[in-house]
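Student: Given chain F, put chain C with the ligand in place with the hints provided.
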Amino acid sequence: MTAPRTLYDKIWDSHLVDMDDQGNGLLYIDLHLVHEVTSPQAFAGLRAAGRKVRRPDRTVAVPDHNVPTTPDRAKFVFEDEEARIQVETLDRNAKEFGVNYYPMNDINQGIVHIVGPEQGFTQPGMTIVCGDSHTSTHGAFGALAFGIGTSEVEHVLATQTLQQRRAKNMRIDIDGTLGPGVTAKDIILAIIGKIGTAGGTGYVMEYTGSAIRSLSMEGRMTVCNMSIEAGARAGLIAPDEVTFEYVKGKPHAPKGAAWEQALAWWKTLPSDPGAHYDMEVFLKAEEIAPHVTWGTSPQDVAPITGAVPNPAEIKDETKRAALERALNYMGLKPGEKLEDVAIQRVFIGSCTNGRIEDLRAAAAIAKGRKVAPGVQAMVVPGSGLVKHQAEEEGLDKIFIEAGFEWREPGCSMCLAMNADKLKPEERCASTSNRNFEGRQGPRGRTHLMSPAMAAAAAVTGKLADVRKFI
Amino acid sequence: MDKFTTLTAVAAPLPMINVDTDMIIPKQFLKTVERTGLAKGLFFELRQDKDGNPVPDFFMNQPQYKGAQILVAGENFGCGSSREHAPWALLDYGIRCVIAPSFADIFYNNCFQNGILPIKLPQEDVDKLMDDAKRGQNARITVDLEKQEIRGPDGGVIKFEIDAFKKHCLLNGLDNIGLTLEKKAKIDSFEAKQRGTQPWLYAAAGRTA
Ligand code: SF4
Chain F
18 MTAPRTLYDK IWDSHLVDMD DQGNGLLYID LHLVHEVTSP QAFAGLRAAG
68 RKVRRPDRTV AVPDHNVPTT PDRAKFVFED EEARIQVETL DRNAKEFGVN
118 YYPMNDINQG IVHIVGPEQG FTQPGMTIVC GDSHTSTHGA FGALAFGIGT
168 SEVEHVLATQ TLQQRRAKNM RIDIDGTLGP GVTAKDIILA IIGKIGTAGG
218 TGYVMEYTGS AIRSLSMEGR MTVCNMSIEA GARAGLIAPD EVTFEYVKGK
268 PHAPKGAAWE QALAWWKTLP SDPGAHYDME VFLKAEEIAP HVTWGTSPQD
318 VAPITGAVPN PAEIKDETKR AALERALNYM GLKPGEKLED VAIQRVFIGS
368 CTNGRIEDLR AAAAIAKGRK VAPGVQAMVV PGSGLVKHQA EEEGLDKIFI
418 EAGFEWREPG CSMCLAMNAD KLKPEERCAS TSNRNFEGRQ GPRGRTHLMS
468 PAMAAAAAVT GKLADVRKFI
Chain C
30 MDKFTTLTAV AAPLPMINVD TDMIIPKQFL KTVERTGLAK GLFFELRQDK
80 DGNPVPDFFM NQPQYKGAQI LVAGENFGCG SSREHAPWAL LDYGIRCVIA
130 PSFADIFYNN CFQNGILPIK LPQEDVDKLM DDAKRGQNAR ITVDLEKQEI
180 RGPDGGVIKF EIDAFKKHCL LNGLDNIGLT LEKKAKIDSF EAKQRGTQPW
230 LYAAAGRTA
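These protein sequence lines are chains F and C, in that order. Count along the first sequence from 1, then add 17; that gives the number in our numbering. Count along the second sequence from 1, then add 29; that gives the number in our numbering.
Worth double-checking, as some hints may not be accurate.
To spell it out: a stretch of chain C is covered by chain F in this simulated footprint if at least three of its residues, at any positions, have a beta carbon under 8 angstroms from a beta carbon of chain F; those stretches are [claimed, not checked]: (1) 42-54; (2) 57-71; (3) 110-120; (4) 136-144; (5) 191-199; (6) 214-225.
Over 12 angstroms on every C-beta distance to chain C, these chain F residues come out as not near it, computed from the model [as the list claims (entries may be wrong)]: (7) P88; (8) L195; (9) E353.
Think of the hints as simulated: they come from the structure by calculation, not from any bench. Even glycine gets a Cβ: it sits at the ideal position worked out from N, Cα and C.
So here's chain F without its partners, still in its complex pose (with noise of 0.2 angstroms):
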């Protein structure tokens, strides 16, 4: 009988091409995710060296960093000449080597994140990557995912394979049930505070406990997705019921005897009893609360009922430096209320909170509500898909009448890199998963939280706690 193994365990032994002695593995990649902006280089390699995409079957691309979300995008235009030019290349790639590929104003465009799930290219078991950080969400259907670089993306657009050291085991158990208003984007922010955005780096962290179990998948990619935030390389959650329900049907899932097949091989994924990790986390579900960030690293986290840091009783110098730069960037005071900082934008979507369930949360506080006044607030769908599926159920018509902009799906200022972003010391409200510097633009001010405390901040023209409003 072979020891018991985890989940990671079993993905990385059955995806091991090769091992040299030194610990140097060759992983094969059953799923590559491609967008604009971190592709153009890769292809570019491998025209000049004459080489082909091994697997245009297992790769899928998609526009989306830079794409507008304004309705004239129709007619493909941009606002900026350089972000339609990254736009261009990657159609001509995708077509030159016949991968995949959802032109940006096809239906089923969206956040690649969002667009692997949807479609059913996402599967349990896999190994998938992109040349973006945020490749963790996939990690919620039990696949082994995680960013990449532009070198890696043509190493692996060139061989399928990956060069990869193993990585440690993390098991993070979050037992118990969620208080009312409390969600996954609030999980994931109670970890983060608690390890810090270095504590899992080297590890693949992964989340069980009964408030896991019974997240929905979009619950669960959101929790996978800030995995990286935590700086792990990847984050998983074993498939159960919910995941198989969630990927049946799907365009490019299984289907038939070859269903039964892949469902029998999934059943076996699960870490084993007594299985090894190299470190272990608990939380108690009762205990977290709505979080917000106040700072520029997503560690600077608090309960909504908290309050603003003293760097003053901070004793290392370094440390207390980063914390007064952080405040005096964000403009706030130590000691402050976190429910009295005002905000002037509020951002939903982003692949961390832009599908339907989030949708769904922020319409439910929005419903007969009212942005506040001098609040510019904007509703960005992950995908055409979720958009559509929005407006089927009327959400659409929610958010235009309480006041907010309906976008069209991309990933819009969770990095404005295209038109939305914030202006110089605006203060945004965001479902995002990063608060940097200018991350939402240019000295920009960002508030990570979960979308029905966005909602809740739209209305309230605050930081504002969602249980007050259900």
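Tutor: Just chain C with the ligand, lined up with the frame of chain F:
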């Protein structure tokens, strides 16, 4: 890719923790289809103030760090996005070696793909090198990859660890794709085996625009 053997150069100090890739190169510089010309975006938001004036105590604005090829920084350097534009921008500016107590995974890997040597050292060694770096042109540092040591301006020697395979590739400027393609037979046989055990991964016709 250029080889990395021994480098003697001025080291620039960046005494900050959690320097993320958005700080190294903000997104407005990512709209390129090239790998070069990115130095213009390096530390764009750190090196100038809100009115666009140079921040006087940032190393890029100080004459004593002109031509610096080594960067000494705080823990968790390179966290955030996977953008390889971060090492491309460093390289375009001339940086060939980054020294820090710890690095984010993806950034660390991306460095090796571009002939940049990232060196992890204990905090006290980094503190020592940070002091050296603060002396600008008066303190040139030598990084010797073959011997895995850093020789300071005052004769001190600091040893560092590095993965043997990564070292080999850097020393010889080896292209990873070429190395992997030598294993083509192994990749072929992996696929043949997987086609038997997981046929559904080979069945889809794919949907091509
Ligand atoms: S939504 Fe944001 S985090 Fe997600 S892929 Fe797009 S830019 Fe990256």
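Student: If a hint holds in the structure, say so; if it doesn't, say that too.
Tutor: Quick rundown of the hints versus the structure:
no., hint, result
1, 42-54, "holds (count 7)"
2, 57-71, "holds (count 7)"
3, 110-120, "holds (count 5)"
4, 136-144, "holds (count 4)"
5, 191-199, "holds (count 3)"
6, 214-225, "holds (count 5)"
7, P88, "22 angstroms, holds"
8, L195, "28 angstroms, holds"
9, E353, "22 angstroms, holds"
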